[in-house]
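Student: Sequence:
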Amino acid sequence: MAAQTNFIDIATIWLHAGKGGDGAVSFHREKFVAAGGPDGGDGGRGGDIIFVADDHLSTLMDFRYKRKYVAPEGGKGGASLCHGKNAENLVIKVPLGTVIKDAESGLVIADLSDHTPVTIAKGGRGGYGNAHFATPTRQIPKFAKPGMPGEDLQVTLELKLIADVGLIGFPNVGKSTLISTISAAKPKIANYHFTTLVPTLGVVSVGEGASFVCADIPGLIEGASEGVGLGHDFLRHVERCRLLLHVVDVSGSECRDPIEDFEKINEELAKFSPVLAERPQIVVGNKCDLATEEQIETFRQYVEGKGLTFVPISAATMQGVKQLPGLVYNRLKDIPQVPVFTPEYKKPEAKKNGRDFTIQRMEAHVWSVDAPWLEYILAGSNVDDYESLQFFQRQLAESGILDALVQKGVEENDTILIGEYQFDYIF
Numbered sequence: 330m331a332a333q334t335n336f337i338d339i340a341t342i343w344l345h346a347g348k349g350g351d352g353a354v355s356f357h358r359e360k361f362v363a364a365g366g367p368d369g370g371d372g373g374r375g376g377d378i379i380f381v382a383d384d385h386l387s388t389l390m391d392f393r394y395k396r397k398y399v400a401p402e403g404g405k406g407g408a409s410l411c412h413g414k415n416a417e418n419l420v421i422k423v424p425l426g427t428v429i430k431d432a433e434s435g436l437v438i439a440d441l442s443d444h445t446p447v448t449i450a451k452g453g454r455g456g457y458g459n460a461h462f463a464t465p466t467r468q469i470p471k472f473a474k475p476g477m478p479g480e481d482l483q484v485t486l487e488l489k490l491i492a493d494v495g496l497i498g499f500p501n502v503g504k505s506t507l508i509s510t511i512s513a514a515k516p517k518i519a520n521y522h523f524t525t526l527v528p529t530l531g532v533v534s535v536g537e538g539a540s541f542v543c544a545d546i547p548g549l550i551e552g553a554s555e556g557v558g559l560g561h562d563f564l565r566h567v568e569r570c571r572l573l574l575h576v577v578d579v580s581g582s583e584c585r586d587p588i589e590d591f592e593k594i595n596e597e598l599a600k601f602s603p604v605l606a607e608r609p610q611i612v613v614g615n616k617c618d619l620a621t622e623e624q625i626e627t628f629r630q631y632v633e634g635k636g637l638t639f640v641p642i643s644a645a646t647m648q649g650v651k652q653l654p655g656l657v658y659n660r661l662k663d664i665p666q667v668p669v670f671t672p673e674y675k676k677p678e679a680k681k682n683g684r685d686f687t688i689q690r691m692e693a694h695v696w697s698v699d700a701p702w703l704e705y706i707l708a709g710s711n712v713d714d715y716e717s718l719q720f721f722q723r724q725l726a727e728s729g730i731l732d733a734l735v736q737k738g739v740e741e742n743d744t745i746l747i748g749e750y751q752f753d754y755i756f
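Going by our numbering, 737 is the number at position 408 of the sequence shown; the sequence numbering is gapless.
Hints were generated in silico from the structure; no laboratory data involved.
Please read these numbers as outputs of a predicted model, since none were measured by experiment.
It cannot be assumed that every hint is accurate.
Result set (SDA-like, lysine to any residue): computed pairs, CA atoms no more than 25 Å apart in a straight line [unchecked claim]:
#1 K471 - R358
#2 K451 - P672
#3 K451 - V420
#4 K471 - Y750
Ranges of calculated distance between the beta carbons of each label pair, as one might list FRET restraints [as the list claims (entries may be wrong)]:
#5 K662 - I588: 28 to 38 Å
#6 S540 - E589: 30 to 40 Å
#7 K471 - E749: 15 to 25 Å
#8 T448 - M390: 21 to 31 Å
We put the CB at the ideal spot given by N, CA and C, even for glycine.
Using the sequences and the hints given, assemble the complete structure.
Tutor: Here is the structure:
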């Protein structure tokens, strides 16, 4: 039995960017140097998770068996102010044309329609070593900050093939035979429905230096837009095509009416995507060697009455096939590229109004507040200015940080660490 190629065009995976390395608690030790100060270094940054498109991949099969991807953690800080090693990024290769979506919301994060690397999950920041926290009144801080966790999220990968032209139509109308005659593609061909179970790409040459990419999409049936038959599994692959070759069996050899076939396929396209329904079409009337002149002429008049180009052919006997690539190529010159999918996804902080925080007791009377959104505000504030300080204190109160500190047992004059800043807590 011949081996069947497994084609996977959708997968859901977990991404965990690397945690930042912990800061070090260390004190300078040197002969003849008494009471050396703190010299604990910062932790390294955790690894990002980066996606990049690879021309040598054509399926998402690898993600069927491996569902969790974890980037390396940053190195821990060391003595003598040694900074921890920044972690290597985790690079994940996917086929060209892969769209990455947030699994929960379905919103687009990135469209890998070219070879530009895209960072999907950022590694955590390294923690500060104890050298950061020395003050005239606290000369031997015995604490450091841990590294921040990396971003983690569940994403859905959808492969939407990149082709200039898509062959659409009912099963067994001759699409596979057609692409095998106009390109070097070798799809499986047989006289039964759904012989083609995976999309096939073929490069069609039109003279010296001129070519276009054509995709043979498995046959659609009525109800495909709702998932009937192969449904959405393959309709998504038509979305990037600039031009559709709508192949119809004009002979009615499957005991179906060509006009009804044409209408039903277009109805399914419209239900799946109104934009797709407006995509330019050339109607290819196949199996003309089996049709009568009356059948061909009736269908021609119907198609041209809709303002569409009609090309009668017989893929089996090559009748009319040679003129088709040139006609398609010239038509493509006037059709702009299909826009990429625009990113819609926002980071979790934005969805939660940027109010997340965690509080950790570092040692007696020392507390650490981890709140990236608050550090961003603090970095843009002048704490020596009364109004700026008042605004910052309002953020602490409105976000619930002050109440949370009280609940955890903060006392008068305790030290509060926020990023690189430290404050005395005063009731």
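Student: Could you run down the list of hints and mark each one as holding or not?
Tutor: Evaluation of the provided hints:
no.	hint	result
1	K471 - R358	holds, 15 Å
2	K451 - P672	holds, 17 Å
3	K451 - V420	holds, 12 Å
4	K471 - Y750	holds, 17 Å
5	K662 - I588: 28 to 38 Å	holds, 30 Å
6	S540 - E589: 30 to 40 Å	holds, 35 Å
7	K471 - E749: 15 to 25 Å	holds, 18 Å
8	T448 - M390: 21 to 31 Å	holds, 24 Å
When each numbered hint is compared with the structure, no violation occurs for any of them.
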